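Asker: Sequence:
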Amino acid sequence: MPNIQLSANLKRLRCDHDYTQEQIGRKLNISRQAYSNYERGIRVPDVDILIRIADIYQIPLEQLITQNCTGAGIINESSGPYFTGMIVESADTIYLSREELTLLTHYRNASEDDRRLTRKVLGISNPPESE
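Taking the UniProt record's numbering, the leading residue of the sequence shown gets 1, the next gets one more, and so forth.
Hints are computed from structural coordinates only; laboratory data are not their basis.
Hints are not guaranteed to be accurate.
As the list claims (entries may be wrong) - Each pair of labels, with its calculated beta carbon distance range:
| # | residue 1 | residue 2 | range |
| --- | --- | --- | --- |
| 1 | Ile30 | Ser111 | 43 to 51 Å |
| 2 | His17 | Arg43 | 18 to 26 Å |
| 3 | Glu22 | Asp48 | 31 to 39 Å |
| 4 | Asp18 | Ser111 | 44 to 52 Å |
| 5 | Asp113 | Asn68 | 28 to 36 Å |
| 6 | Asp113 | Ile56 | 42 to 50 Å |
| 7 | Asp55 | Glu22 | 31 to 39 Å |
Stated by the list, open to error - Derived SDA-like pairs: lysine to any residue, alpha-carbon spacing no greater than 20 Å straight-line:
| # | residue 1 | residue 2 |
| --- | --- | --- |
| 8 | Lys27 | Arg40 |
| 9 | Lys120 | Arg98 |
| 10 | Lys120 | Asn109 |
| 11 | Lys11 | Ala54 |
| 12 | Lys120 | Glu100 |
| 13 | Lys27 | Leu61 |
| 14 | Lys11 | Ser36 |
| 15 | Lys120 | Ala110 |
This structure is a prediction, so every number in the text was calculated from the model and none was measured.
Backbone N, C-alpha and C fix where the C-beta goes; we use that ideal spot for every residue, glycine too.
My request is simple: use the sequences and hints to build the entire structure.
Answerer: Written out as C-alpha cells, the structure reads:
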C-alpha cells in the first residue's frame, strides 16, 4: 500500500537536489528501476532505505514520510498535525492538513453547482468517475 506523500517527497527532494534516479540508486546501493518504483508508488521502501534517504537529504524520517518537504528540508505546510486518509480505489495513504480536511469535507457537502465551480477554479476539467 503506497504512501502518496512519500512518493511525492522522494521525487521533489531528488529534483530539488539535482539528482537523477540513477545517482540516488547508487547512493542507496539499489537499481534505478527500484528507486523509480518508490517514486511512482509501486513499491514502498523498507525502513533501512527510508532512513538512508532521510540521511541523504538531512531531514527527519517523519517529515519524509508524512509531510510536504522541499529540497531545503522545509515543510511547506504550516498547519498540523496531519490526518491519515486513504484513496479507496488504490488503498494509497495520503496525509492531509486540517485545512485540506476541512476543504474536502465542505466539498462533499456542497451542491453540484458549487462543486462544478470549485472544479473550474482548480482547473479540474472532468469530475472523478465516482461522483
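Asker: Could you say whether the range 42 to 50 Å given as a hint is met by the Cβ separation of aspartate 113 and isoleucine 56?
Answerer: holds, 48 Å
Asker: Between aspartate 113 and asparagine 68, is the Cβ distance one that fits in 28 to 36 Å?
Answerer: Holds - the Cβ-Cβ distance for aspartate 113 and asparagine 68, about 31 Å, lies within 28 to 36 Å.
Asker: Is the Cα-Cα distance between lysine 120 and alanine 110 20 Å or less?
Answerer: holds, 14 Å
Asker: Does arginine 40 lie within 20 Å of lysine 27 when you go C-alpha to C-alpha?
Answerer: holds, 19 Å
Asker: Could you tell me whether the CB distance from aspartate 18 to serine 111 stays inside 44 to 52 Å?
Answerer: With Cβ atoms ~46 Å apart, the hint holds.
Asker: Regarding the pair lysine 27 and leucine 61, is the alpha-carbon distance no greater than 20 Å?
Answerer: With Cα atoms ~17 Å apart, lysine 27 and leucine 61 stay inside 20 Å; holds.
Asker: For a C-alpha distance cap of 20 Å, please report whether lysine 120 and arginine 98 respect it.
Answerer: violated, 23 Å
Asker: CA of lysine 120 to CA of glutamate 100, is that 20 Å or under?
Answerer: holds, 18 Å
Asker: For the pair glutamate 22 and aspartate 48, does the Cβ-Cβ distance stay inside 31 to 39 Å?
Answerer: At 20 Å between Cβs, range violated.
Asker: For the hint 31 to 39 Å, verify it against the beta carbon of aspartate 55 and that of glutamate 22.
Answerer: Given about 19 Å between the Cβ atoms, the range is violated.
Asker: CB of histidine 17 to CB of arginine 43, is that within 18 to 26 Å?
Answerer: At 21 Å between Cβs, range holds.
Asker: Holds or violated: lysine 11 and serine 36, Cα atoms, limit 20 Å.
Answerer: holds, 9 Å
The structure fails to meet hints 3, 7 and 9 from the earlier list, while all remaining hints are met.
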